[in-house]
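Residue numbers (the numbering used here), protein chains in the order written: chain A, 1 to 206; chain B, 1 to 188.
Heads up, a few of these hints could be off.
Label pairs and their in silico Cβ distance ranges [as the list claims (entries may be wrong)]:
(1) G126/A to S115/B: 32 to 40 Å
(2) N61/B to G115/A: 17 to 25 Å
(3) K143/B to A65/A: 42 to 50 Å
(4) S122/A to W93/B: 24 to 32 Å
(5) S62/A to Q100/B: 23 to 31 Å
(6) S54/B to L38/A: 54 to 62 Å
(7) G97/B to S130/A: 39 to 47 Å
Simulated from the structure, these hints should not be mistaken for laboratory data. Positions of the beta carbon are idealized from the N, C-alpha and C atoms, including for glycine.
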Amino acid sequence: MIIGMDKIKHGNKMAVIGHGQSALIAAFSSVGNDSAALKKMDFKVPMKQTPIDSANASKPSSGTAYTQDPVYLWTHHRFEGGLTGGCIKLGIHATGSYNSGQEYKEFLWFNHPNGGAIQTLSTQTGDNSSAFNSNSNFSLAIQDAANGILRVTQNKDYRTANEVKVYYLGGGTDVTFVGRNSAQPSGLGSIGADYDDRWYQSFWIV
Amino acid sequence: MAVIGQHGGKLLAVFNTNTYASNGGHNGSNGGNMEFDVYLPTDHDDTRIGSGSSSADVEYNMDVRDSCHYIGISCWGTYYWGNTWKEFIVQRWWGSGAQQMVVTEIRDATYRGHSSWNGGGSGAGVLPDVSVASAANASIRIKVGGDYWNSNNGEVYYLGGSGESAWIGRNTTAHPIYDTTMSGAWSE
Numbered sequence: 001m002i003i004g005m006d007k008i009k010h011g012n013k014m015a016v017i018g019h020g021q022s023a024l025i026a027a028f029s030s031v032g033n034d035s036a037a038l039k040k041m042d043f044k045v046p047m048k049q050t051p052i053d054s055a056n057a058s059k060p061s062s063g064t065a066y067t068q069d070p071v072y073l074w075t076h077h078r079f080e081g082g083l084t085g086g087c088i089k090l091g092i093h094a095t096g097s098y099n100s101g102q103e104y105k106e107f108l109w110f111n112h113p114n115g116g117a118i119q120t121l122s123t124q125t126g127d128n129s130s131a132f133n134s135n136s137n138f139s140l141a142i143q144d145a146a147n148g149i150l151r152v153t154q155n156k157d158y159r160t161a162n163e164v165k166v167y168y169l170g171g172g173t174d175v176t177f178v179g180r181n182s183a184q185p186s187g188l189g190s191i192g193a194d195y196d197d198r199w200y201q202s203f204w205i206v
Numbered sequence: 001m002a003v004i005g006q007h008g009g010k011l012l013a014v015f016n017t018n019t020y021a022s023n024g025g026h027n028g029s030n031g032g033n034m035e036f037d038v039y040l041p042t043d044h045d046d047t048r049i050g051s052g053s054s055s056a057d058v059e060y061n062m063d064v065r066d067s068c069h070y071i072g073i074s075c076w077g078t079y080y081w082g083n084t085w086k087e088f089i090v091q092r093w094w095g096s097g098a099q100q101m102v103v104t105e106i107r108d109a110t111y112r113g114h115s116s117w118n119g120g121g122s123g124a125g126v127l128p129d130v131s132v133a134s135a136a137n138a139s140i141r142i143k144v145g146g147d148y149w150n151s152n153n154g155e156v157y158y159l160g161g162s163g164e165s166a167w168i169g170r171n172t173t174a175h176p177i178y179d180t181t182m183s184g185a186w187s188e
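Pulled out of the complex, with its shape left as it was, chain A reads as follows:
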């Protein structure tokens, strides 16, 4: 097999995967939680967050069937009136250091002008003590749909020993358009500016 990391050389300093940063959206630790209340965290997803993207500035406003342009449609989906919708996929890792254990869940937020919903795609539980896993308070909920704010609750361990990390896994966020030439590095919130006609989509009736 191929060795992927040189730990002798670099210790535990993992490489930054994917052009500059990993896709960690939010994290919390409940150390210092002095109440018995559930530890919760609200966080914004990178979706619906104008003006961190440059799509609005670069979307076409004229030309043949320009309203079918992917950039035009995408901004339409995110920011314009009653059509706002989409889906973002998150991976959330819940860990505890007292009754030690961990659980990983993949969630979808279905954004929709009529309300939307959270769905759980999968759950993996590992290395848990029975005390860690006896509490099922690990969930994701919509806190403020209009502003893209979700709420994660994690209380599977002792109240001062819970931690959570939220990772972006895919779906409706600020985008790079595959098939577009990106002359400049594209961070979260920017897009490649130019078309590459080889990859442009077309539609027809079934």
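For chain A, the structure is supplied; the task is to place chain B on it using the hints.
This is chain B only, laid out in the frame that chain A set:
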């Protein structure tokens, strides 16, 4: 080929059936679904570092025509409203003198705000669906729908796989030196 996906999502396509209709396309008279083709980002040869100069290299004689692509599709309707997310694996390889390709759905989730979204019932619904458009040209055919003919919206994301990507831990002229290394040698 563009360098795909930096930190944000990686869009392959975006669709809106009402927009398509208003541009002289779909009018609902021929059913409510739409299809379109999307090319997969397969020419990762642009950025790979080479196939190995000697037979001792692990990449020696590696067939770059073989690839695997992880696709996510988000659909939502605004009349019989609801959302569906599906994930697909597209495998492409060279065999019998031609490119071969197969599509497999691996995950789905659906929320029906209206009981009729995406066929109704309790399952995920049949749409969106992905099939092979052209194995030779590395294109997939995506069928979308689930709502009234002019009320479907959606996005197609590249979630991962062989698409032109930096080789983590390897130095190339196109990508920076990462803080890891990947050995070119076999180990036991």
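Each hint, compared with the structure:
The beta-carbon spacing between G126/A and S115/B, approximately 38 Å, falls within the hinted interval of 32 to 40 Å. Distance hint check: the CB atoms of N61/B and G115/A are about 54 Å apart, inconsistent with the given range 17 to 25 Å. A hinted range of 42 to 50 Å is violated for the C-beta pair K143/B and A65/A, which are about 21 Å apart. Taking 24 to 32 Å as the suggested C-beta distance range, the pair S122/A and W93/B conforms, at roughly 27 Å.
In this structure, S62/A and Q100/B break the distance hint of 23 to 31 Å, their C-beta atoms being roughly 42 Å apart. The hint said 54 to 62 Å for the Cβ distance between S54/B and L38/A, and at roughly 59 Å that hint holds. The given range of 39 to 47 Å is broken by G97/B and S130/A, whose C-beta atoms sit roughly 57 Å from each other.
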